[in-house]
Amino acid sequence: MRRPEANPLRPVALATALVASAELLARIDRLDEQYPTPHAAVAALPEETITDAG
Numbered sequence: 093m094r095r096p097e098a099n100p101l102r103p104v105a106l107a108t109a110l111v112a113s114a115e116l117l118a119r120i121d122r123l124d125e126q127y128p129t130p131h132a133a134v135a136a137l138p139e140e141t142i143t144d145a146g
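With positions in the sequence shown counted from 1, the corresponding number in our numbering is that position plus 92.
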């Protein structure tokens, strides 16, 4: 029986999580450039989304 640390898929899962995290952070940075304020982000929403939320 192998130790759980010796699982060959563990490094693959870690690498996948790191790549996904880096992509998420990059998307957050781009969102901040596109919508510098919360008001700008809400103003860009389609009109029906804003009225349906209330």
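Calculated directly from the structure, the hints in this document are not laboratory data. Careful: at least some of the hints might be erroneous.
To be verified - Estimated spans, in silico, between C-beta atoms of each pair:
| no. | residue 1 | residue 2 | range |
| --- | --- | --- | --- |
| 1 | P100 | L137 | 41 to 49 Å |
| 2 | P138 | T108 | 41 to 49 Å |
| 3 | A112 | L137 | 42 to 50 Å |
| 4 | A105 | Q126 | 26 to 34 Å |
None of the values given here were measured: they were computed from a predicted structure. Note that CB positions come from ideal geometry on N, CA and C, so glycine has one too.
Failing hints, ascending?
2 and 3
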